[in-house]
Amino acid sequence: MPSDSVAILAEVVAEIGRVVLGKDRQIQQALCCLLARGHLLIEDVPGVGKTTLSHAFAKVTGLDYQRMQFTSDLLPADILGVSIFDRNSNGFHFHPGPIFTQFLLVDEINRASPKTQSALLEAMAEQQVSIEGETRVLPKPYFVMATQNPLFQSGTFPLPESQLDRFLMRISLGYPDERSERRLLAGGDPRALLGQLRPLLNAAKIIALQDAVDKIEVRDSVLSYVQRLIGFTRQDSHYAFGLSTRAALALIQCAKAWAMLQGRDYVLPDDIQLVLEPVAGHRLSAAADSQGDGPDLIKRLMSQVPVVV
Amino acid sequence: MDSAKINFVAERQSVMWLLIAQLVAIVPQLGSLPVWIIGVWAAVAVWYWRIVTRAWSFPPRWVKACLLLAVVAGVYFSFSSLFSLEAMIAVLVLAIILKLLELKTARDHWLVLMLSYFVVACGLLFSQQIGALLLALIQITLLLMAQQSLYRRDAKALPMLRAVAVMGLQSLPLMLMLFVIFPRIGPLWTMPLPGGEAVTGMSDSLEFGDIAKLSQSGALAFRVRFHGAKPAPEDLYWRGLVLDEFDGRRWRRSSWSQWSNKIAAPALTRPLLNYTVTLEAGAHKWLYALPLAVVQRDDVYYSNQHQWLASRPLTGRLQYAVSSQPVRYLPDANAKATAVSANNLRLAGNTNPRARALAAEWLLQWPDKSDRVAAAIAYFKQNAFIYTLTPSRLGQNSVDEFLFNTRQGFCEHFAGSFVFLMRAAGVPARIVVGYQGGEFNDRDGYLLVHQSDAHAWAEVYIDGQGWQRVDPTATVAPSRVRLGAEAVFRGQDGYLAGDAMSLRKYEWAKRMRYFVDNINYAWARWVLNYDSGIQNNFLLKVLGDINPQRLMLLVLMAGGVPLGVAAFFSLRQSRVAGEDLAARYYLASCSALARRRLVRRSGETPDDFAQRVQREQPCWGAWLASQTQLFSQCSYLPQDSRRYQQNLALLKRARRPRKWMERHSQTTKINK
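Residue numbers (our numbering), protein chains in the order written: chain R, 1449 to 1757; chain X, 2 to 673.
Derived from the structure by calculation, the hints contain no laboratory data. All C-beta atoms in this analysis are idealised placements derived from N, C-alpha and C, irrespective of residue type, glycine included. Hints may be right or wrong, so weigh each one.
Facing chain R, a subset of chain X residues (Cβ under 10 Å, in silico) [as the list claims (entries may be wrong)]:
1. Glu12
2. Phe127
3. Asp581
4. Ala584
5. Leu588
6. Arg601
7. Gly604
8. Asp608
9. Tyr637
Computed list of chain X residues with no C-beta within reach of chain R, every gap over 12 Å [what the hints assert, rightly or not]:
10. Arg51
11. Trp63
12. Leu134
13. Val165
14. Val167
15. Tyr303
16. Ala349
17. Pro392
18. Gln615
19. Cys635
Let the sequences and hints guide you as you build the complete structure.
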């Protein structure tokens, strides 16, 4: 792995960190998700910097950027685009929707109706859209960052498990620590800084980095650790159902990207553990008769499954 | 509560195998168990199958209790007791069958299988023939397959059979070792013997018709292997028991002959006839041999009637080596003619007047006793006696009727009447029962003596000489003695009537029979007769002296060496099959730390653990960091086989912290 890509990734994290203070871990996770060719779901209460993060991310990665605010009356055509009769050319002309971009920010995805949600999520999964019988390929790289409010807030349509599975990672930002918050309060709105951010990457560089992730070495001992992990969720009675093979693939892909972010060309079990919560958290649910929620389940998984046997 | 345990319902395939194995374990036992057991099995099997397919549920407790009471009552009524061997086995079998109705955990499944092995072993109480062994092997194979099906995803017969075969071969050395050197301990408690009435053989009293009945059986009495020359068929009088008391109808052993009758074994002079007899089990105590015989065994004794007797009934097969010296007269231990006469002239009551009258005539006519014997033989020769298996029935004065009216009889008629005449004529005489002749197995040259060779003859006392054998049957039917019972009776109605072996008139059937018997004989000689005596001899030969140290050494050699070899190969194989050596050495390092109260948590990654140790007990930190790095390089870093081997060697060498510390403190000193 070329050392300049390690350096540039560190620089990207630092650059975004100028705007999103004290959230280096989440910035790395978002970057990891991009490098692993996945989509990111950010779940948190309003006002902790979800949108700021996405703006900064778009700016620094240098990708085409579109932002959509989902509402309950949004229709699939609003995001996919429509064909309109053009009198001059005497034919229908397709007007692509906001989905045709490299980096799409979807705000409050759980406010839209299930119909609209599934139109978006299908496009994310297939990397293409079929409109009026014609298949249109989405640009590359294609990265969706969606935010959602916690489900206990009113006026939301919770994403079903199968839809959550389309997101490679789910993270939450959380409140900033005291020192960062003080700096935010003293320095005024950090969005003012957004304009000063330099684009450090571009589409071609990102595709190259994504290809480099594929070459990261994963040895048998790590693969068997992953198998032990998913095997445990399938056998232990605390889990409603076990992790799928897709979840295991996601774990490995994210661990590779994470290893790259750490400047390594091989995956350690530590990488698996670090990406375990964002990758597996939204794919696990507690069995009906057992206590605890997502974090507890992940904690149990990490502490019970031996790393070395 | 663990939900997996409650909901255990065995896979259908393993249930199928369990039921098949159970059926095959039970069915051969039906010979000694009531037949209705199979009905119980079928009903319970169907019930259990319905449970497995979730059509029905497990029966409640009270139903099970009622079923248990019902089958125990059934056993009681079938055997009119619960404490015979058969009844106890029946209870065991029924318990295993009923256990199906509460087969709720994998452990229950195991229990049923293990008890079924016990049932198979019980089958061997009734027969130890080679056929029984083959049957038991089939049963055990099926049980092992049923056991395997519990752990296999697809319970295909062939792969399971292969696995069972491999396991069987692997256990063979251990089995042989246990067979050869495990101590043969006598039974710790007496068990009610399996039904004695089934044993055919000579009894210790004789009435007209008894031996004729016995000769319908083709069962084996004993086998003899001669070491050296084989005697002529007419000399093969296998002397068993002396019957010297007559109550008018039945010949018995006199009570005096059964008390303090032990005398020293006779001194023999050459040339001797040496042979080994393998006697089948029977309920009697006497051994068969050609007089004058010395039996080389410690647990038998010689009686004053020249019989070899065991102190307990020979319920098991017995093998003994004999040396015989053919003699014309058997000396009487009493030596006093008066004592001999007193015991061997008695005739109870005043039955058979005509025979007595005839004998009285001879007594007047011939002053010499041997002349009277000759007269009696001549009487049998001159009158047209018929030697037959199916003589007419005789009434109260049986000797008279035989001698003067029917004149048809079997050996016991001739011997009995002859002895009666002799006693009435004042010649001491007695009946001897045993076997005469036998057939040589062409394939191997040993002699087979069947129940159909049973015979009775007489002995008369010649003053000053001893007991002389007289066989009146030989006078009437010389071919019986020269050619054997088969030659005389082949084709006659009663002969071997109750025997499947009546096929023996065909040549091929005969060959087949010899072949089968050959196998059975080898089985009996080499396996069934391997008792503590032979074991001791063998161990003496191998060890020179039997003491605990040498025995222990033998066990270690015989058991440890094969096990060690097997362990070596299996360990090697597991390494070859991709055992993670790096993980092993790393875990060894971790357990070295665990003894120092630094336990790696199961979910802790090597790096996390190394950092924690560095924080908590820095003295081990450097060592563990180095080990962790080596381990990571072996397990996680891109592979390079040369560096892998180097790292692995380093990891292995330093897996104990103490050594690493010593080495490193030295290098640091040198550096200073």
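Right, here's what the structure says about each hint:
| no. | hint | result |
| --- | --- | --- |
| 1 | Glu12 | 17 Å, violated |
| 2 | Phe127 | 48 Å, violated |
| 3 | Asp581 | 7 Å, holds |
| 4 | Ala584 | 5 Å, holds |
| 5 | Leu588 | 6 Å, holds |
| 6 | Arg601 | 8 Å, holds |
| 7 | Gly604 | 4 Å, holds |
| 8 | Asp608 | 5 Å, holds |
| 9 | Tyr637 | 5 Å, holds |
| 10 | Arg51 | 28 Å, holds |
| 11 | Trp63 | 31 Å, holds |
| 12 | Leu134 | 44 Å, holds |
| 13 | Val165 | 29 Å, holds |
| 14 | Val167 | 27 Å, holds |
| 15 | Tyr303 | 72 Å, holds |
| 16 | Ala349 | 87 Å, holds |
| 17 | Pro392 | 82 Å, holds |
| 18 | Gln615 | 15 Å, holds |
| 19 | Cys635 | 9 Å, violated |
The structure does not agree with the numbered hints 1, 2 and 19 stated previously, though it agrees with the rest.
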